[in-house]
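Visitor: Generate coordinates for the entire structure from the input sequences, incorporating the hints supplied.
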Amino acid sequence: MESDRLTCKNAVEEYVYDIRSKIHGDLSDFITEDVRGKYSNELEDSENWLYEEGEDVEKKVYVEKLKSLQVLGEAVKQRKQEYDGRENAFNSFGHSLNMATKVIEAFKAGDEKYAHLDGEAVQKVSNMIGEKKEWLNASIHTLSNLDKTSDPSILLSAFFDEKKSFEAFATPILNKAKPKVEPPKEPEPENPPSQQPPPTSEEPPKAPNNSNAGEDPAQGMAVD
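For the sequence shown, UniProt numbering assigns the number 1 to the initial residue and increments by one for each residue that follows.
Treat the hints as calculated values from the structure; they're not laboratory data. By construction, the Cβ of each residue, glycine as well, lies at the ideal position given by its N, Cα and C atoms. Heads up, a few of these hints could be off.
Said to hold, decoys possible - Derived pair list, reagent style SDA-like, types lysine to any residue, alpha-carbon separation capped at 20 Å:
hint, residue 1, residue 2
1, K22, K67
2, K102, K176
3, K60, N127
4, K176, S126
5, K176, I104
6, K164, N127
7, K176, L136
8, K133, Q78
9, K148, Q78
10, K176, H116
11, K59, E13
12, K22, G85
13, K80, T142
14, K38, N48
15, K164, E47
16, K124, V103
17, K80, K164
18, K22, L6
19, K59, E47
20, K133, Q70
21, K102, R86
22, K22, K59
23, K132, K148
24, K176, K67
25, K9, D34
26, K132, T142
27, K102, L136
28, K132, E74
29, K59, Q70
30, K133, N145
31, K9, E74
As the list claims (entries may be wrong) - Beta-carbon label-pair distances, calculated as ranges:
hint, residue 1, residue 2, range
32, K102, D161, 36 to 46 Å
33, D147, G54, 31 to 41 Å
34, S165, S68, 32 to 42 Å
35, T142, E112, 15 to 25 Å
36, M99, W49, 53 to 63 Å
37, P189, E112, 17 to 27 Å
Guide: Put into structure tokens, the structure is as follows:
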């Protein structure tokens, strides 16, 4: 469709303007002077091309042109993104290792709060902390000595992946909840008292008062 073709053409033009401004602005520290000069010429040629032989070409030609320009432009952008996020990545992983170290130190010192933890499992976490600290320190050293105009060999994602894998292993061990202690039950009495029926206020029925009860029934009868 014509609208799609024009959209792709505009995307090339916008990218040329945007990246050209940035390599002379906030991205200037992340591209060498020599490369910036060559790339600027390529961007200018692409801009001229859009208004000449590239003014009315197929959509796929614009798509390919944009991809070719992005190869260097996006690499320079990523260098800056990696550089800007590096300190946070260092600190985040380091903080996680330090917090775990404090728990282990408290456990080894006999802190009642952590007395329920499994000693063997805690030692495994301690060993892992040593390995991760060694990797972190080596990575910090490598990246701290990296020139801004070079692509980093260790990306930010590696630090977050290492932190995630460490916490997935260590957290269930160090944050294990204390077992609940049930309060002792009161002993039941051996011979429970028998239940007596409640007293009644009614009196038992009295026998009828018969004054002749002791007399012979036949006495007093007429005799023929």
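Visitor: Compare the structure with each hint and give your call.
Guide: So, going through the hints one by one against the coordinates:
Taken as a hint, the K22 and K67 pair is honoured in the structure, with Cα atoms around 18 Å apart against an allowance of 20 Å. For the proposed pair K102 and K176, the alpha carbon gap of about 15 Å is at most 20 Å, so the pair holds. This hinted pair does not check out: K60 and N127 have alpha carbons roughly 55 Å apart, beyond 20 Å. Distance check on the hinted pair: K176 and S126 sit about 16 Å apart at the alpha-carbon level, within 20 Å; holds.
Straight-line distance between C-alpha atoms of K176 and I104 comes to about 13 Å, which keeps the hinted pair within the 20 Å bound. With a C-alpha separation of about 17 Å, the suggested pair K164 and N127 falls inside the 20 Å cut-off, and the hint holds. A hinted pair counts as satisfied when its Cα atoms are at most 20 Å apart, and K176 with L136 does not qualify at roughly 26 Å. For the suggested pair K133 and Q78, the alpha carbons sit about 26 Å apart, so the restraint of at most 20 Å is broken.
A C-alpha spacing of about 11 Å is found between K148 and Q78, which places the hinted pair at or below 20 Å, so the restraint holds. At roughly 8 Å between alpha-carbon atoms, K176 and H116 fall within 20 Å of each other, so this suggested pair holds. Taking the CA atoms of K59 and E13, the gap is near 14 Å; set against the 20 Å cutoff, the hint holds. Distance check on the hinted pair: K22 and G85 sit about 19 Å apart at the alpha-carbon level, within 20 Å; holds.
For the suggested pair K80 and T142, the alpha carbons sit about 17 Å apart, so the restraint of at most 20 Å is met. The suggested pairing of K38 with N48 holds, with an alpha-carbon distance near 16 Å, which does not exceed 20 Å. Among the hinted pairs, K164 with E47 is inconsistent with the structure: their alpha-carbon atoms are about 45 Å apart, more than 20 Å. Distance check on the hinted pair: K124 and V103 sit about 13 Å apart at the alpha-carbon level, within 20 Å; holds.
Restraint check for K80 and K164: the C-alpha separation of about 24 Å exceeds 20 Å, so the hint is violated. Using a Cα cut-off of 20 Å, the hinted pair K22 and L6 is violated, with the two alpha carbons roughly 24 Å apart. At most 20 Å may separate the alpha-carbon atoms for a hinted pair to count; K59 and E47 meet this at roughly 16 Å. Proposed proximity of K133 and Q70 is contradicted: the alpha carbons are some 36 Å apart, above 20 Å.
The straight-line distance between the Cα atoms of K102 and R86 is roughly 25 Å, outside the 20 Å bound, and the hint therefore fails. Restraint check: the Cα-Cα separation between K22 and K59 comes to about 26 Å, which exceeds 20 Å; the hinted pair is violated. Proposed proximity of K132 and K148 is contradicted: the alpha carbons are some 25 Å apart, above 20 Å. For a cut-off of 20 Å, the pair hint linking K176 to K67 is broken: about 51 Å separates their Cα positions.
With a C-alpha separation of about 28 Å, the suggested pair K9 and D34 falls outside the 20 Å cut-off, and the hint is violated. Restraint check for K132 and T142: satisfied, since their Cα atoms lie roughly 15 Å apart, inside the 20 Å limit. Among the hinted pairs, K102 with L136 is consistent with the structure: their alpha-carbon atoms are about 18 Å apart, no more than 20 Å. Restraint check for K132 and E74: not satisfied, since their Cα atoms lie roughly 31 Å apart, outside the 20 Å limit.
For a cut-off of 20 Å, the pair hint linking K59 to Q70 stands: about 17 Å separates their Cα positions. For the suggested pair K133 and N145, the alpha carbons sit about 18 Å apart, so the restraint of at most 20 Å is met. For the given pair, K9 sits about 19 Å from E74 by alpha-carbon distance, which is consistent with the 20 Å threshold. K102 and D161 have their C-beta atoms about 23 Å apart, which leaves the hinted 36 to 46 Å range violated.
Between D147 and G54, the C-beta spacing of about 35 Å keeps the proposed range 31 to 41 Å intact. The hinted window of 32 to 42 Å between S165 and S68 holds, with their beta carbons roughly 37 Å apart. One distance hint, 15 to 25 Å for the beta-carbon pair T142 and E112, is violated here, with the actual separation near 42 Å. Between M99 and W49 the CB atoms are about 56 Å apart, so this pair conforms to the stated range of 53 to 63 Å.
Restraint check, P189 to E112: a C-beta distance of roughly 37 Å breaks the suggested window 17 to 27 Å.
The structure fails hints 3, 7, 8, 15, 17, 18, 20, 21, 22, 23, 24, 25, 28, 32, 35 and 37 (numbered hints given earlier, in ascending order).
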